[in-house]
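First to last, the sequence lines map onto chains A and W.
Going by this note's numbering, the first residue of the first sequence is number 36, and it counts up by one from there.
Going by this note's numbering, the first residue of the second sequence is number 36, and it counts up by one from there.
You can trust all of the hints, since none of them are fake.
No copy is singled out in the list; a pair is fine if it fits within one copy or between any two copies.
Here are the simulated DSS-like cross-link-like pairs (lysine-lysine), alpha carbons at most 27 angstroms apart as the crow flies:
| id | residue 1 | residue 2 |
| --- | --- | --- |
| 1 | LYS342 | LYS411 |
| 2 | LYS75 | LYS295 |
| 3 | LYS132 | LYS255 |
| 4 | LYS219 | LYS48 |
| 5 | LYS207 | LYS342 |
| 6 | LYS51 | LYS157 |
| 7 | LYS207 | LYS331 |
| 8 | LYS195 | LYS334 |
| 9 | LYS207 | LYS329 |
Rather than coming from a laboratory, the hints here were simulated on the basis of the structure.
Number of protein chains: 2
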Amino acid sequence: MTSVSVIGKGITKFGKTNQTIKSLMLAACREAIVDAGRPKVDAVFVGNFAAGSLANQEILGSVLTNELGLGNVPSVKVEGACASGGIAFRQAYQLVKSGEYETVLVAGGEKMTGIDTKTVTKAINLAMDNDSNEGASGLTFPGFFGVLANRYMYEYGAEKRHLAMVALKNRKYAVSNPIAQFRKNTSIEEIMEARPITDPLGLFDCSPITDGAAAVVIQKGSLGVEILASGQASGTPLMQEVENILHMPATRESANDAYKKAGIEPEDVDVVELHDCFSMTEIVAIEELGFFEKGKGWKAVEEDLTKHGGTVPVNTSGGLLSKGHPIGATGISQIIQIVDQLNNHACNQVDNARIGLAQNLGGTGAYSTVHIFKKKGA
Amino acid sequence: MTSVSVIGKGITKFGKTNQTIKSLMLAACREAIVDAGRPKVDAVFVGNFAAGSLANQEILGSVLTNELGLGNVPSVKVEGACASGGIAFRQAYQLVKSGEYETVLVAGGEKMTGIDTKTVTKAINLAMDNDSNEGASGLTFPGFFGVLANRYMYEYGAEKRHLAMVALKNRKYAVSNPIAQFRKNTSIEEIMEARPITDPLGLFDCSPITDGAAAVVIQKGSLGVEILASGQASGTPLMQEVENILHMPATRESANDAYKKAGIEPEDVDVVELHDCFSMTEIVAIEELGFFEKGKGWKAVEEDLTKHGGTVPVNTSGGLLSKGHPIGATGISQIIQIVDQLNNHACNQVDNARIGLAQNLGGTGAYSTVHIFKKKGA
Numbered sequence: 036m037t038s039v040s041v042i043g044k045g046i047t048k049f050g051k052t053n054q055t056i057k058s059l060m061l062a063a064c065r066e067a068i069v070d071a072g073r074p075k076v077d078a079v080f081v082g083n084f085a086a087g088s089l090a091n092q093e094i095l096g097s098v099l100t101n102e103l104g105l106g107n108v109p110s111v112k113v114e115g116a117c118a119s120g121g122i123a124f125r126q127a128y129q130l131v132k133s134g135e136y137e138t139v140l141v142a143g144g145e146k147m148t149g150i151d152t153k154t155v156t157k158a159i160n161l162a163m164d165n166d167s168n169e170g171a172s173g174l175t176f177p178g179f180f181g182v183l184a185n186r187y188m189y190e191y192g193a194e195k196r197h198l199a200m201v202a203l204k205n206r207k208y209a210v211s212n213p214i215a216q217f218r219k220n221t222s223i224e225e226i227m228e229a230r231p232i233t234d235p236l237g238l239f240d241c242s243p244i245t246d247g248a249a250a251v252v253i254q255k256g257s258l259g260v261e262i263l264a265s266g267q268a269s270g271t272p273l274m275q276e277v278e279n280i281l282h283m284p285a286t287r288e289s290a291n292d293a294y295k296k297a298g299i300e301p302e303d304v305d306v307v308e309l310h311d312c313f314s315m316t317e318i319v320a321i322e323e324l325g326f327f328e329k330g331k332g333w334k335a336v337e338e339d340l341t342k343h344g345g346t347v348p349v350n351t352s353g354g355l356l357s358k359g360h361p362i363g364a365t366g367i368s369q370i371i372q373i374v375d376q377l378n379n380h381a382c383n384q385v386d387n388a389r390i391g392l393a394q395n396l397g398g399t400g401a402y403s404t405v406h407i408f409k410k411k412g413a
Numbered sequence: 036m037t038s039v040s041v042i043g044k045g046i047t048k049f050g051k052t053n054q055t056i057k058s059l060m061l062a063a064c065r066e067a068i069v070d071a072g073r074p075k076v077d078a079v080f081v082g083n084f085a086a087g088s089l090a091n092q093e094i095l096g097s098v099l100t101n102e103l104g105l106g107n108v109p110s111v112k113v114e115g116a117c118a119s120g121g122i123a124f125r126q127a128y129q130l131v132k133s134g135e136y137e138t139v140l141v142a143g144g145e146k147m148t149g150i151d152t153k154t155v156t157k158a159i160n161l162a163m164d165n166d167s168n169e170g171a172s173g174l175t176f177p178g179f180f181g182v183l184a185n186r187y188m189y190e191y192g193a194e195k196r197h198l199a200m201v202a203l204k205n206r207k208y209a210v211s212n213p214i215a216q217f218r219k220n221t222s223i224e225e226i227m228e229a230r231p232i233t234d235p236l237g238l239f240d241c242s243p244i245t246d247g248a249a250a251v252v253i254q255k256g257s258l259g260v261e262i263l264a265s266g267q268a269s270g271t272p273l274m275q276e277v278e279n280i281l282h283m284p285a286t287r288e289s290a291n292d293a294y295k296k297a298g299i300e301p302e303d304v305d306v307v308e309l310h311d312c313f314s315m316t317e318i319v320a321i322e323e324l325g326f327f328e329k330g331k332g333w334k335a336v337e338e339d340l341t342k343h344g345g346t347v348p349v350n351t352s353g354g355l356l357s358k359g360h361p362i363g364a365t366g367i368s369q370i371i372q373i374v375d376q377l378n379n380h381a382c383n384q385v386d387n388a389r390i391g392l393a394q395n396l397g398g399t400g401a402y403s404t405v406h407i408f409k410k411k412g413a
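Same shape as in the complex, but just chain A (with noise of 0.2 angstroms):
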């Protein structure tokens, strides 16, 4: 069995700038170069959803590939909505693992600010299936996963105090990323408080609008965190589709992938970083990823559970809801934070953690990846 690792990071402050998405996601790349001792790269994967309509740009495998003056290496972009980054890493992981390639620069990043609104949202929008009744309705994400808590809320008795709590536990570990795009402390009255988006999210319940870039190489060998397996799924992207809205199929099934190819359990990942786009949608991936059971999520952020010293510290770079979610970079950025905390340097370190996991959803369950990782001679 041929190891892969992640030898090299790099990763641009998350938030507004005036940089250009390849300004942004070349600081990045060389970064993460550098940080690999630059080694000769035999491919790039780009990982972008929308910079066609939100950066007027396409082709960035090849403008990254020409500006890094890396030669006529093989380069490609790929979409898989939020997940754009996570399954640009599972190729690059693939490709290395079967030997196709020895080195690879995986890069994601996305450019969303200093556009009006509507093109935003528009583009956002894009990850849903348009040519429907649902895409002609106008249902929105914030729609979607605020039916997906009133539903949870109505099923299980949680309530919107357990939204918050996990809006603040984020919030807390992301005063201490200097990458994080929020990084003010709150309180849960203010987050209860703040301005509601669709009942029962709030402004700090919803992950921002957020420019950002983020790179790895990766490597065959051992010379870094080794990634021990990549699980990927597909789910539906309609809501009409969705055969019970408490439970996100392709998270479930592309984290039981990954167990299974790693040869782990649950109980084994010291450390996770998961797709929190809502506060609701980090309840359902802890129950979905196996930490805890159905409907029980929302006890275990009650029990502090999902923090350090609890079952299992839970996006300890402030997750999507605060360190950001610039969309394509977001499947990197958190498998940097568990490349850092398996190398025991990360911001909110875990003591000993030895296994780590990272999952990247991409639009309301249409596409899931996990990944899942193990501290280097661990």
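Go by the hints and put chain W onto chain A.
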């Protein structure tokens, strides 16, 4: 060495249609799956350039996978400008060859008509590096290839009529292709006198705006036409960085990579589909692919060496110029024509075709893929 072969194909009529990108692509996918004998599909790769900008739809991987009822299998959209289809095919092939998947559906599509010309032109220009003075100055694709054509004529003594001969050949082939966009016979005079687009290129020298979709099913084993090799290279997306505008390094390097892996020489190729986005591009490509010496491609065209009975018949489908160029579909449609040739039931069938080659270009040389195929049992 694992064999991988093309076991099913589906393609829509190319041209103007009122269908959505989803319905076009579903039609091609369903035809391919039925043609393949309805195998269990393990993953879906979609090649598409700009559906976000042109068709209000991203997440085509998930949309198609769900609508086709393929379950929770991994899916993704791959973008590499006009080479999106070729790159999607390559990735699927690499992952079947490596044993990651056994059977994969690869679909390409684009919906380009019914939209105002300004929007379409802007979308096509997403395949330039727009964070550059070239992007700002408004360089277009006809502009780039017009400069190339003028320089080629100046250096090598070719004339406008040699460009017209390429366009005429491809139109004559398209007349016999039931899915081609333009099937009306024409003459060298009509082509020479057609409306100028950018000097020296006239209307018939430029590929059209087209809707269409194409799909193939590939599988481990030797059930169908065998995929012998895949080559891919990147090149600069900036005109100012092109060392010699008469060379297309990405085309040459992707071809050399593929020849080497297949263990063949250009002389072994019996039939070719290549990326004639402009008539001029075909002449450069037959040189870069090694069929004719640099600067002699126009002579080969004059001497009918790219037709039946010549050195190697090129673009027997009608090519992008007359079959049409629905961007994401193009790379897959080229492969379908080669597969049909090697299965001995193509339009404009080449007698005893045993080895075929398909070359797909992205941008002004930003990407190129080359795939080499072998007749079943040959």
